[in-house]
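There are 2 protein chains.
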Amino acid sequence: MSALSDKPVRLYDTTLRDGTQGEGFQLSLLDKLRIAERLDAFGIDYIEGGWPGSNPKDVEFFQEAKKLKLSHAKLAAFGSTRRADTPVEQDPQVKLLLDAETPVVTIFGKSWEMQVTEVLRTTPEENRAMIRDTVAYLKQHGREVVYDAEHFFDGYKDSPGHALGSLQAAAEGGADCLVLCDTNGGTLPEEVMEICAIVRARIPQVPVGIHTHNDCELGVANAVAAVRGGAVQVQGTINGYGERTGNCNLTSVIPILQLKMDMEVVPDLTKLRELSYFVDDVSNNPHFARAAFVGRTAFAHKGGMHVNAVQKLARSYEHIVPQAVGNEQNILVSELSGQSNILIKAEQLGIPLDKGSAEAKAVLQKVKELENEGYSFEAAGGSLELLIRRELGRYEKTFDLKEFHTSFRQYRDGHDPVCEATVKLYVGEVPKYTVAEGRGVVNALDKALRGALEPFYPEISEVSLVDYKVRIIDSHDATAAKTRVLIVSTNGEENWGTVGVSENIIEASWIALVDGIDLFLQRHRGV
Amino acid sequence: MSALSDKPVRLYDTTLRDGTQGEGFQLSLLDKLRIAERLDAFGIDYIEGGWPGSNPKDVEFFQEAKKLKLSHAKLAAFGSTRRADTPVEQDPQVKLLLDAETPVVTIFGKSWEMQVTEVLRTTPEENRAMIRDTVAYLKQHGREVVYDAEHFFDGYKDSPGHALGSLQAAAEGGADCLVLCDTNGGTLPEEVMEICAIVRARIPQVPVGIHTHNDCELGVANAVAAVRGGAVQVQGTINGYGERTGNCNLTSVIPILQLKMDMEVVPDLTKLRELSYFVDDVSNNPHFARAAFVGRTAFAHKGGMHVNAVQKLARSYEHIVPQAVGNEQNILVSELSGQSNILIKAEQLGIPLDKGSAEAKAVLQKVKELENEGYSFEAAGGSLELLIRRELGRYEKTFDLKEFHTSFRQYRDGHDPVCEATVKLYVGEVPKYTVAEGRGVVNALDKALRGALEPFYPEISEVSLVDYKVRIIDSHDATAAKTRVLIVSTNGEENWGTVGVSENIIEASWIALVDGIDLFLQRHRGV
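Protein sequences appear in the order of chains A and B. Residue numbers for the first sequence follow the UniProt record's numbering, so the first one is 1 and each next one is one higher. Residue numbers for the second sequence follow the UniProt record's numbering, so the first one is 1 and each next one is one higher.
Please keep in mind that the hints were generated in silico from the structure rather than gathered at the bench. Predicted model, so just to flag it, every value in this text is computed and none were measured. We treat Cβ as the ideally placed atom computed from N, Cα and C, and that holds for glycine. Errors might be hidden in some of the hints.
Using C-beta positions, here's what the derived DEER-type ranges look like [to be verified]:
1) B:SER461 to A:ASN495: 40 to 50 Å
2) A:GLU373 to B:SER464: 20 to 30 Å
3) A:GLU60 to B:GLU264: 46 to 56 Å
Lysine to aspartate or glutamate pairs mimicking EDC-like chemistry, simulated, CA-CA at most 20 Å apart [claimed, not checked]:
4) B:LYS157 to A:GLU318
5) B:LYS139 to B:GLU89
6) A:LYS447 to A:GLU437
7) A:LYS368 to B:GLU60
All chains should be built: construct the whole structure from the sequences, respecting the hints.
As structure tokens, this is what we get:
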């Protein structure tokens with residue numbers, strides 16, 4: 001048993017099931033297994049892996065998941081109650097739930113009378129029997145049974161007796177937890193708290209959980225309200241992925257419980273941001289910069305005055321210590337910046353600037369000019385460092401570009417496309433003219449540029465590209481709009497971001513590519 | 001006076017001021033003027049235009065804003081109290097507030113004792129005098145004065161007497177509204193409600209407002225809690241833009257007040273989604289698909305079972321009627337889809353498919369295959385229509401591509417870059433070989449393709465590109481990763497989205513370009 005077996009609130013993650021109902025959130029079998037391992041390591045108590053009855057990928061997941069060595073979390077298979085008028089032992093969907101061989105099975109049933117009669121098209125009595133029978137059957141087979149009361153709040157507001165009756169049926173069947181679901185996400189926090197408290201009073205023998213959605217931007221608030229109302233299990237997803245506007249965002253609820261409500265729910269909260277990024281990366285989703293707690297800008301300070309105050313006293317504009325969730329203070333450089341931002345950034349880069357100095361003003365002026373052209377240095381510290389170096393004379397030219405050319409030819413006779421780049425440059429007085437093929441134009445350019453420079457600067461073989469991002473800055477003008485390219489390079493120890501902007505994606509990529517290599521050379525030569 | 005002059009809650013928008021403190025949210029002077037007009041037309045009560053003391057763009061804004069013909073909203077200039085130990089009539093920042101000539105001036109002052117002594121470095125007595133003097137001075141000059149009590153909740157929790165004393169000073173000066181600010185965004189809803197109620201009881205003669213931030217993903221919940229606690233003014237920004245994690249999202253609070261709490265705060269809520277998109281477009285920000293109420297997926301249904309239920313009874317999975325906020329139901333096509341999704345989409349496209357038919361299964365199979373390759377049809381209804389047409393034999397080939405080629409040459413001697421594309425194709429038996437220059441490779445390709453096709457299909461001159469978006473699907477593999485290109489084409493009446501995926505951005509663009517023109521030709525020929 002874990003040291004946290006007496007947690008005041010248990011965390012139930014449904015990223016792998018309800019999360020994948022969200023647009024753009026798709027996971028392969030391998031992705032799901034990797035995420036499950038991470039959730040376990042982070043201290044999540046229950047991991048809902050999928051619905052074996054809904055698709056073959058989920059059946060396969062539970063087979064493979066048996067090989068996972070989970071240290072703490074229990075796996076849950078998700079499904080529904082038996083069908084109307086079918087004995088539970090003959091229901092194939094219920095059989096698949098047992099076949100998943102998980103310690104926990106979560107089943108959902110109907111709480112809303114309208115849904116029973118109009119969607120399910122059966123009677124309230126049969127609905128209660130479906131719930132009671134299925135829970136009891138799963139209990140007989142040794143499972144911990146979580147009962148998800150779908151549409152509980154809407155159902156309760158329509159007909160409290162019917163809604164409570166459906167919960168009673170689950171309790172009679174022996175359910176281990178009754179989870180109240182705000183399936184449509186339309187309930188307000190006060191109602192959630194009140195209704196949770198009523199359920200606790202009416203069915204005190206079974207613990208209550210909460211499952212909320214973000215349709216009113218209140219998913220997190222509703223989960224917190226339920227905990228105030230007595231809920232001891234919180235369901236949600238990492239980064240709030242899920243159908244429509246998403247599920248309750250565990251990435252926000254967890255630090256609220258742990259830091260604001262003094263409930264120890266995970267052993268090491270400093271891994272939170274890492275987990276959030278991991279799920280984004282594995283699912284190939286862009287990170288939401290404004291995300292609470294874990295976002296890139298969650299502790300970013302842009303207004304000059306705030307930057308000043310944060311320097312004096314971090315608590316002034318930070319509600320928690322960023323490191324508590326694995327995040328960090330981030331001073332943004334932008335048109336609103338006072339000089340403070342530039343000075344701090346320069347200091348972080350190891351190139352201190354004096355406040356009010358001509359150099360500091362010149363850098364600020366240059367940043368503003370480039371930002372007007374569409375540049376953004378907020379994620380491109382490498383390009384900013386080069387800019388500061390140039391203004392301070394801490395820069396030595398490494399080569400002179402004369403010309404580059406890219407060519408792409410696509411055939412329709414089965415021949416592979418041919419993508420080629422040439423680079424013509426001088427290192428000192430020595431001309432160099434190279435050509436390379438690549439899988440894409442930027443890849444070809446990168447190779448041709450390295451081919452030209454490596455004889456002079458063999459150290460650049462240490463450097464490689466790890467990320468390449470394209471953003472259309474003004475998409476109204478279609479293909480002639482400006483493009484911003486952000487590249488992340490690494491030497492295996494450090495990463496640095498560089499940026500290029502142009503009407504042309506190839507030129508924008510070129511600018512960012514060259515900066516990425518150039519910065520490495522400047523640092524390496526100790527200029 | 002507006003018909004809504006007796007609103008139960010007034011809306012105070014600070015998109016143009018606090019919003020622009022957010023990363024990536026920059027507005028030109030023209031942008032600010034356009035947004036102000038839209039906010040007014042939508043029924044916002046107060047529009048905070050900027051801080052004249054912080055930058056020249058804001059001074060200019062207030063000069064230009066005098067020419068706006070606002071029908072309902074009052075403009076507010078934002079600033080701070082006078083400095084310590086400076087008579088208010090000699091404070092240059094306060095003078096700039098009067099120079100803005102707005103009917104409303106909003107000033108912020110310190111509530112938190114720690115901030116007074118450690119950031120401001122003055123005494124609590126002088127702090128109260130600064131607040132009282134400044135409010136009184138602005139009142140003498142005929143302004144409606146809103147007092148923003150910065151860090152009120154943190155200040156109250158540290159020292160209630162000090163915090164309430166600072167509000168009392170504003171009340172003594174004659175403030176028209178006392179706005180309690182959760183500046184760091186760290187307060188929980190229950191605390192907000194409780195503290196608001198205490199302030200209402202202690203200073204009953206002055207109305208209370210609320211200003212929250214989203215650092216705990218509770219910005220909206222905290223504003224709602226404050227309204228429950230007696231607040232009658234809600235401050236926030238459109239789409240929640242703002243420093244760090246952003247401000248209270250008015251786009252969510254407004255429909256909650258109007259639809260869930262029966263408070264009529266705007267005359268026509270169906271314009272909400274339009275306003276949200278307008279602010280995104282003007283500020284060149286991507287739309288957040290999962291946004292509550294207004295997001296593209298806010299009423300999207302992906303899981304096959306939900307799609308089925310929504311068909312039977314929309315209330316099953318929709319907490320409000322999407323049209324109430326100007327949104328619509330959106331059935332997503334994806335790997336989780338049952339056939340229902342495809343059938344509904346086909347019907348929307350005017351090509352009905354029979355459930356369970358071989359054609360429906362073939363389309364579903366093809367969609368799943370392409371999605372595995374990285375395609376996404378959720379915003380590319382045009383490509384999906386072509387796919388369905390092909391499976392149903394409602395497609396006639398319009399041309400045969402043989403080859404295309406693009407070339408980009410960048411000089412460093414001042415010569416403009418040259419970007420060229422060639423296209424080699426057959427229309428029936430007739431060969432066509434064209435070349436064009438463009439501002440970028442995709443622009444050049446578009447021109448060369450049109451050059452080849454227009455002699456045969458002159459109607460394509462009606463079609464133009466209106467949007468071009470690039471997404472790197474797997475950014476781990478740097479420049480060799482797959483690229484998804486989404487193009488939106490229009491004939492002036494209708495828009496359609498098409499998609500292309502390839503390791504190569506040029507090929508991906510080509511696929512989407514061709515689909516965009518091909519779909520138009522299919523429809524035009526009535527196949």
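For this session: Can you let me know if the beta-carbon spacing of GLU60 (chain A) and GLU264 (chain B) is within 46 to 56 Å?
Result: holds (53 Å)
Exercise. Taken at face value, is the distance from the CA of GLU89 (chain B) to the CA of LYS139 (chain B) at most 20 Å?
Worked result: holds (13 Å)
For this session: Below or equal to 20 Å on CA atoms is what counts here, so check LYS368 (chain A) against GLU60 (chain B).
Result: holds (18 Å)
Exercise. Regarding the pair LYS157 (chain B) and GLU318 (chain A), is the alpha-carbon distance no greater than 20 Å?
Worked result: holds (16 Å)
Problem set entry | Given hint GLU437 (chain A) paired with LYS447 (chain A) - CA-CA distance at most 20 Å | Holds - the C-alpha atoms of GLU437 (chain A) and LYS447 (chain A) are around 8 Å apart, at most 20 Å.
For this session: Could you tell me whether the CB distance from SER461 (chain B) to ASN495 (chain A) stays inside 40 to 50 Å?
Result: holds (48 Å)
Exercise. When you take the CB atoms of GLU373 (chain A) and SER464 (chain B), is the distance between them in 20 to 30 Å?
Worked result: The hint (20 to 30 Å, Cβ to Cβ) holds, given that GLU373 (chain A) and SER464 (chain B) are roughly 26 Å apart.
Consistency with the previously given hints is maintained throughout, with no hint failing.
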